[in-house]
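Protein chains: 6
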Amino acid sequence: MFLSTTLIENLIREDLPYSDLTTETMGISEHPAVMEFSARYACTLAGMDEASTILRHLGANVEPLEKNGTTLAAGTLVLRAKGSAGVLHAGWKVAQNMMEHAVGIATRTHEMVIKGRSINPDLIIACTRKCVPGAKTISLNAIQAGGGTVHRLGLSESFLLFDNHTAFFNSEDHLLATLKKAVIAQPERKLVVECDDLDYAMKVAACGIDVIQFDKVPPSSLQNWVMQLKKRFAHLTIAAAGGINIESIQAYAKTGIDIAVTSFIYTGKPLDIAVTIKPL
Amino acid sequence: MFLSTTLIENLIREDLPYSDLTTETMGISEHPAVMEFSARYACTLAGMDEASTILRHLGANVEPLEKNGTTLAAGTLVLRAKGSAGVLHAGWKVAQNMMEHAVGIATRTHEMVIKGRSINPDLIIACTRKCVPGAKTISLNAIQAGGGTVHRLGLSESFLLFDNHTAFFNSEDHLLATLKKAVIAQPERKLVVECDDLDYAMKVAACGIDVIQFDKVPPSSLQNWVMQLKKRFAHLTIAAAGGINIESIQAYAKTGIDIAVTSFIYTGKPLDIAVTIKPL
Amino acid sequence: MFLSTTLIENLIREDLPYSDLTTETMGISEHPAVMEFSARYACTLAGMDEASTILRHLGANVEPLEKNGTTLAAGTLVLRAKGSAGVLHAGWKVAQNMMEHAVGIATRTHEMVIKGRSINPDLIIACTRKCVPGAKTISLNAIQAGGGTVHRLGLSESFLLFDNHTAFFNSEDHLLATLKKAVIAQPERKLVVECDDLDYAMKVAACGIDVIQFDKVPPSSLQNWVMQLKKRFAHLTIAAAGGINIESIQAYAKTGIDIAVTSFIYTGKPLDIAVTIKPL
Amino acid sequence: MFLSTTLIENLIREDLPYSDLTTETMGISEHPAVMEFSARYACTLAGMDEASTILRHLGANVEPLEKNGTTLAAGTLVLRAKGSAGVLHAGWKVAQNMMEHAVGIATRTHEMVIKGRSINPDLIIACTRKCVPGAKTISLNAIQAGGGTVHRLGLSESFLLFDNHTAFFNSEDHLLATLKKAVIAQPERKLVVECDDLDYAMKVAACGIDVIQFDKVPPSSLQNWVMQLKKRFAHLTIAAAGGINIESIQAYAKTGIDIAVTSFIYTGKPLDIAVTIKPL
Amino acid sequence: MFLSTTLIENLIREDLPYSDLTTETMGISEHPAVMEFSARYACTLAGMDEASTILRHLGANVEPLEKNGTTLAAGTLVLRAKGSAGVLHAGWKVAQNMMEHAVGIATRTHEMVIKGRSINPDLIIACTRKCVPGAKTISLNAIQAGGGTVHRLGLSESFLLFDNHTAFFNSEDHLLATLKKAVIAQPERKLVVECDDLDYAMKVAACGIDVIQFDKVPPSSLQNWVMQLKKRFAHLTIAAAGGINIESIQAYAKTGIDIAVTSFIYTGKPLDIAVTIKPL
Amino acid sequence: MFLSTTLIENLIREDLPYSDLTTETMGISEHPAVMEFSARYACTLAGMDEASTILRHLGANVEPLEKNGTTLAAGTLVLRAKGSAGVLHAGWKVAQNMMEHAVGIATRTHEMVIKGRSINPDLIIACTRKCVPGAKTISLNAIQAGGGTVHRLGLSESFLLFDNHTAFFNSEDHLLATLKKAVIAQPERKLVVECDDLDYAMKVAACGIDVIQFDKVPPSSLQNWVMQLKKRFAHLTIAAAGGINIESIQAYAKTGIDIAVTSFIYTGKPLDIAVTIKPL
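For the protein sequence lines, the chains are W, B, U, C, S and Z, in the order given. Mapping of the first sequence onto my numbering: residues 1 to 280, in sequence order. Mapping of the second sequence onto my numbering: residues 1001 to 1280, in sequence order. Mapping of the third sequence onto my numbering: residues 2001 to 2280, in sequence order. Mapping of the fourth sequence onto my numbering: residues 3001 to 3280, in sequence order. Mapping of the fifth sequence onto my numbering: residues 4001 to 4280, in sequence order. Mapping of the sixth sequence onto my numbering: residues 5001 to 5280, in sequence order.
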């Protein structure tokens, strides 16, 4: 994952537009020091590259001690950085805060993967583009660390048809004919259509669409629909979205869907990373 | 609040680096259309300026219908935008997703303000700098919409002494002498020291420090400490941080603190904004 | 297509970092003026949005007279802009030069589409990511104007396996097993493998790969291979790359491929746009 | 030549906004590897600094093996980079594509310099500002590598009077009087006027203009005009533009001009650089 | 102080958008060389971090020989850099010019601090936000090097009430009531009000305002007002602004004010730094 | 002069990273208001475009009342802006501070032009590139408003040979031979050499150099040298630099130089612009 200087400096500048008033007023900036990051709770690690890059960009000597994607016991030391107290204090909260958000996402993703795959070992947990605005790169990295997949990077590289698109077609015939042309026009991409009933899904699949994404369909109905669709369209991929979370993931996994699409993993508490800074 | 073109374009580019594959493949980009945003749940509104600026930057004609900070009933229409389907689809999810996060923060902030002030009408809900990295401007705006206050903008404009600073002083005498000098050196800023016991707080307050911020002190102890500190230091401001959330806010409000410092409001679900796009 | 202020200003700044020395030294900057762009040769129009945005950003009043993608006769007037001579001279060469490159790409793309589809009406002309570095957005827009398709936006959204990847696998068995896992891991994207012989293509297709991209295979061999692959893998998409240009496109179209992948369209002369500026 | 981080990251981001889907899905990112760039055809080398900077910025260990401006035999190895397969694949196409365009420009420039100077050893090949928009720095570097000169950096540092300027003068007298003042007003810059007939050139030269640039004048007429102008204005520099390319350069060199101004070198095929990546 | 790559590259690009025409035309770019910076006059050093970062960013090997804030004798060598002549010439003027401005600010600040504290050892010299636009980071660093304090970072982190604000209140009662609420609403910041008479200052101080800033009050009146205010409001901080400069600082220091607010230090000549570049 | 959004937003962000604490805390942001800028002293106006662009970018309705370059009497109203108090306060100090610096530069430039041309009507006042780092565009605009000329935009577009270049030549012969080649290699630019004695100037001029720039030569010597050089080299342009300021300009003008090169105009006080904001 490419972490640009622009991204790293935007994160730093949010916390440190100029100098660190406290550290400089207290006169401790030049003191040699060591900083240690450790996981306060059991978690799936993420954000290590961002944290390392932030701290190195500020001038610290960084020693990463664990890898993204590792499941850690509470208390595990994950990163050690050395440098002046000024440098370490400058990067402390930026790196810590970023990592806490990343670890939160990675841990929730990993939990969903584990629970979902205990039912269906090939189930894909695909994370939506509804990450916090401004935090896309960090979020994508954390999803990957947690074993999830990116649903869409954005509007430019993927085709997903919503009701807000179909509203522009006067007749279903016109819509389906346009979809058939789209299948031919985009032979290198999978086309996805959001559906909420079986009938529409059947018609759309018949156009050659690659993926049906059911929205807010309860697992009870979904299981039947998946079976019927897969019987008729062997190559069809089926996704479910809307209400997929750590509570519901196993019920959805049982329906036979291929992909569980979720924004749940962006939600919830960052996971605490304890940080200590000490003189050397 | 200044919303720079740079910020607005970064948000747009996260979702739309080039063109909108779905809308263009379906051939509906040029169709005149109208888009409406409405609150799916009761909430405190936020993110209106960002949403309007995003949509206008893409070329839409935007009509804001409600103001940031307003408490809305579920279902309230908040914004209407007109333009080509291409323009509206380009901005839809960027504006919606941003607003859902903003409304989530504003609503949680407002709830804490209401609950806290039901006990102490002058209580300040001060939000930490632990917002999601990359989302600072949006978060600050949402806090303001919810009636909260910004605790620190960052390291450069405020003084907050942590254990990670005091670790660099060999003796308490040296630390306290340095604090006294800091009080003189920074006469235009309030100096804040994080404490977790009364004894240290008393010593620090005697140095002329303006604000004591107690960290993770249970309300039971806090009430007594606040009383003792205020008796001796009439001008002292007292803040509490660590574990302040919608459940605990009233217990903390009863302790007599002036400021409740919280990261809670960044946590939790975005609040759904329903968006429809229709042909005109 | 989103044209960011950042992009537009980068283009302007390349030509106009500060002021226009000639126009200002000659003292004509304030004179009201009109500028007209017309196609010197028959061509497929592109770059209209970029040119309009550049000129409007500098303060001109712009009237676009033709649409991207239109096939024009030599001499057709495409855009008129009004403003001070200073404003029009500031944008003249930036807009003209950009449009000449865009029209060159669009025209070559369109010619390939016309020639290819005279043989196979569903043939897709897919343009590689080998555009001139720094000119990606302009190039993608011009391809679209010419009726072409984007092969890959870049590394992050598409899967294309080259020899430079397979070199890391000790055995073909290991490679094929990994490909099978990749098919499961990326259910929302089509997986493409570059091949140069039929045998390898057959094995790869059997892993569930969606697209075979043959590299530098002469049309004579290709026709036979396409037939054999399509017989066995009904859903397989077949692309050809390497040496696809305006001369060879019809020979390749006859082979039965679905997609002709080409960098040819980036090559060759910009197509002249005549620009006159006159006093009003 | 200053290669800013901003420029280098813009090039990288065009191809790699987030991660490399293929390399990561195939699980080979961490494998130690070596990448080699070699010239597929005889050429004049360029783009070495950009390629090295791109690859180093991504974390590779780069060993440049040849210098910009060197004339290479087909097959010459020019650069070797070591790093993880993930790092090398991240930079491969960005560096390769950039270098192919740069080598194309440098080789065409060098060929024109060689051919032109075989007639007139002091002939200057000056390249116009009509490079591909967004590729200015790369293009300027490649021109320099090929032995060419930059005609104008842009509008702010050079004076070149076109018909689109003179259209704002009611009388030739007014125009010439203004030119005389311009000569005094800009004593540190050479003033250039585009002409297409001898009479106008004579008048303009008499104003003290430093350079006459003839546009689209055939070599036959030009030779005579150059002789007449040089006889009368010993210090005058004469340039020719319009239709100067590898075919016409020698005919123009024979006319006695000092400068051949050309956009030809931006046109034409990038020159292939072969790239292999192998495990170490 | 965080010196971002963006800032450093903006400074470099102002002087070196592409290559160094002189050094390259003369053919000396590759020659190994050493550059030395020394203070031409006695001064307080500043700008060392910026100069080092600029030169390192361009590829030089930098050896800083003195520290920011040091008072230097004329002729002191402060920095030595090694690299190719091309690299050193690229950074020469950018670094020198920046440092001359920084040293000018630091030296004027230091002189004011010394003169002011000879009267009142606790006097704070607070520098306004009226630095040259675009030079904020450099200016803040230079102020710190000179022993000054930053008055306000900007509008977002500090409260300073001017007449241009009070003009919006119909009655003094309304204004004072609003100020009282502001004191409660912003418990973590000091509130400052600009005054020009004692009566208004008394009323404002009674609202709980932390700092009175007198504007353009002559020292004769000020001394009396300070005494009266301090008698009544023991915790009140008093600042003076308007006409505070190296001539007037001692007269103001005698009035008993706590803070002298000045823009004077931004004014005046940069202090010459002599720079030599020699072959190695 | 092109004023990019990037530049304008950098200026705004220096003062207003987020919101305006004072104006919002006082609750006056929404009040309709008018702001007026007027010159406190007689001056030459500059910075009008920047001020207008800043205020418009923030949402104000701006009415410029005077033009850049006009000589104004003290008290002249130059700009009126209308908008909410929030918008006007947001832009007040940014626009005012920028304009005060610009007017300072323009006024000093204009005074030098007037004084110098009272002696030599064709004298060019050329301003060096030693403007305050970060303030280049503003400074260039102000110089132009004052009637000055830009000496060099930077290193990339102009040739100026210093001792720090000649130090790399072992013999004068080698240096002069290289200069002769440079004259041929750069036929579209004037070549400038810094000299401090007549002998070297004569040799350099004989190489075909266009401009001799004498550094720190007193007017007494200079007059004689100029005469001797001009006698021998009719086309030679002669500049003087070092110690050129408002006091010395007339003495230098009398020497017969063509160009007075100065950094003086960047030095000295900004000229006060009075700003009032009132309710509408």
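Note that these hints are calculated values from the structure, not bench results. Quick caveat, the model's predicted, so the values are computed rather than measured. Check the hints yourself; a few may be wrong.
[Claimed, not checked] Which chain C residues face chain W? A few, computed with CB under 10 angstroms, are given here:
1. Glu3024
2. Leu3058
3. Ser3220
Cβ atoms here follow ideal geometry from the backbone N, Cα and C, with glycine treated the same way.
Self-check item: Agreement of hint Glu3024/C with chain W interface, Cβ distance less than 10 angstroms
Solution: Holds: closest Cβ of chain W sits about 8 angstroms from Glu3024/C, inside 10 angstroms.
Self-check item: Satisfaction of the Leu3058/C interface hint, Cβ to chain W closer than 10 angstroms
Solution: 7 angstroms, holds
Quiz item: Per the CB criterion, is Ser3220/C less than 10 angstroms away from chain W?
Solution: 53 angstroms, violated
Consistency note: the structure conflicts with earlier hint 3 alone.
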